[in-house]
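Engineer: Below, each chain spelled out in residue letters.
Protein chains: 2
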Amino acid sequence: MNELTKRLLSGIIYVAVLISCSLYSQFTFILLFFILMLFSLYEFLKLINLQSVFAYVLAILMYAITALYHFPETTKLDINKIIDVLIVLLFISAFIPFIFYLFSKTKQLNTALGQLFLSIIYIAVPFSMMIHIPFLNPEFEYIGKTFVGILSLIWINDTFAYLVGKNFGKTKLIERISPNKTIEGFIGGFAFTLLASYFLSKYFQELSHIQWLVIAIIVSVFGVLGDLIESKFKREAKVKDSGNFIPGHGGFLDRLDSVIFATPFIFIYLLLI
Amino acid sequence: MNELTKRLLSGIIYVAVLISCSLYSQFTFILLFFILMLFSLYEFLKLINLQSVFAYVLAILMYAITALYHFPETTKLDINKIIDVLIVLLFISAFIPFIFYLFSKTKQLNTALGQLFLSIIYIAVPFSMMIHIPFLNPEFEYIGKTFVGILSLIWINDTFAYLVGKNFGKTKLIERISPNKTIEGFIGGFAFTLLASYFLSKYFQELSHIQWLVIAIIVSVFGVLGDLIESKFKREAKVKDSGNFIPGHGGFLDRLDSVIFATPFIFIYLLLI
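So the protein sequences, as listed, match chains L and E.
All the letters of the first sequence, read from the start, carry residue numbers 140 to 412 under my numbering.
All the letters of the second sequence, read from the start, carry residue numbers 140 to 412 under my numbering.
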């Protein structure tokens with residue numbers, strides 16, 4: 140199997156898994172993004188060269204707290220009580236690393252703790268925020284289609300930025316961080332994403348024309364910024380890909396960098412309106 | 140004025156200001172600790188060599204959000220609405236630095252962001268948690284005495300750990316981080332703090348004997364750890380004091396290191412019971 144076929148095939152599987160898990164039910168959606176968060180965290184910790192079980196503990200607690208809000212209340216368990224306990228555990232787990240790294244000799248205290256908290260804000264917080272997006276509607280019910288629409292816009296933006304940049308790209312965006320990105324590519328991605336949002340709003344009527352337009356703008360601007368941010372992390376670590384889980388596509392973090400940075404802003408926008 | 144008189148005088152003023160602001164009203168208490176948080180943050184940022192206006196923005200937003208919960212609801216303003224807006228601003232302010240440091244050339248992206256988030260968890264979170272402690276009673280009313288009791292235990296622990304250590308100290312606690320701390324000093328501070336908590340519980344009856352005893356144990360153990368953590372930050376920065384605001388006592392961070400690390404655990408303990 141040649142490189143292009145491998146790349147195409149794994150790309151199709153990746154997209155198919157994301158779409159079907161999002162559409163099937165809130166449980167498959169929350170479970171899938173839990174797994175994607177853990178893989179992304181694993182790759183990011185490797186990138187910044189931090190071995191820390193605390194990062195996983197904090198990320199899992201944070202994700203569990205926000206995910207539990209969407210569990211049906213008909214069960215025999217008192218969900219609110221469990222959430223309260225997890226919040227307390229989250230606070231305690233945030234301060235225990237100060238004690239642990241006090242006695243550790245591997246890294247400077249301020250470097251180790253700083254990287255730990257960065258990994259939580261950069262990976263765990265966006266994942267914990269984005270899983271609320273499908274619930275942000277007047278009835279708070281799960282609408283997986285909304286999230287599939289957002290993912291589509293992100294993929295359209297990435298694809299057309301790449302295609303337009305490759306064929307018409309002349310002016311570098313920020314050469315120092317990402318030498319392949321051009322202003323022409325960015326404009327191409329932006330234009331096609333806006334256009335796509337217009338068609339999307341005809342089929343995904345849970346959100347209005349204007350709302351899909353704003354989401355398209357957020358996707359284009361913050362998606363590219365998310366891509367550049369991950370590129371800078373990789374550049375500092377002197378690696379090309381964050382991992383090699385997806386054949387021909389690098390790691391999960393490489394695939395999700397735009398999603399990670401754009402979705403918190405989409406969440407805030409949908410929360411405010 | 141010689142060094143000892145200066146040290147004694149400024150120490151008395153410092154203690155007097157803390158006690159009177161805590162006892163006077165919830166507003167003087169919240170205002171005083173707001174100022175102390177800003178000074179501590181300023182000193183900590185200097186210590187880790189980070190110039191960042193985002194650290195102040197994030198700290199002020201976080202403190203304001205938790206402080207506003209205690210504002211009377213009789214005012215014409217919709218406090219809950221203001222809190223919601225501030226929470227949104229807090230989230231946005233947490234992600235803007237990623238974009239800012241992307242274009243900045245002064246530090247590595249992961250170092251700058253890591254130090255920024257560390258300064259929030261180490262300084263802003265504890266201050267935002269500790270101001271709730273006087274409200275943690277069945278009626279949620281402000282009882283400044285509780286906080287004065289906790290401060291007294293912290294000062295008793297510090298003083299007796301110093302005195303016992305100076306006179307009977309032989310075995311170093313962790314020489315590598317803090318060469319002046321001894322196990323004898325720690326035990327001395329611990330014993331006198333436990334004893335003090337017994338007398339305290341007779342006069343500060345808002346909390347029970349057992350509750351004051353547990354607080355005394357938290358103060359001794361986590362107070363010393365807080366002191367060691369700040370020592371390690373200073374050692375890495377190769378400075379002796381975090382500042383020189385309080386004549387003869389170093390900076391605010393030097394004075395508050397035990398308070399910063401012990402009070403989140405006291406808050407969690409009082410919240411759980």
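Do not rely on the hints blindly, as some may be mistaken.
The list treats identical chains as interchangeable, and a pair is accepted whether it falls inside one copy or across any two copies.
To be verified - Taking lysine to aspartate or glutamate pairs in the EDC-like style, the calculated list, with each CA pair at most 16 Å apart, reads:
id	residue 1	residue 2
1	244	375
2	309	278
3	311	323
4	244	314
5	185	380
6	341	280
7	284	345
8	244	142
9	244	280
10	145	314
11	185	375
12	309	323
13	305	323
14	341	142
15	215	345
These are computed hints drawn from the structure, not numbers from a lab.
Engineer: Where does the structure disagree with the numbered hints, that is, which hint numbers, in rising order?
Structural biologist: 2, 6, 8, 9, 10, 14, 15
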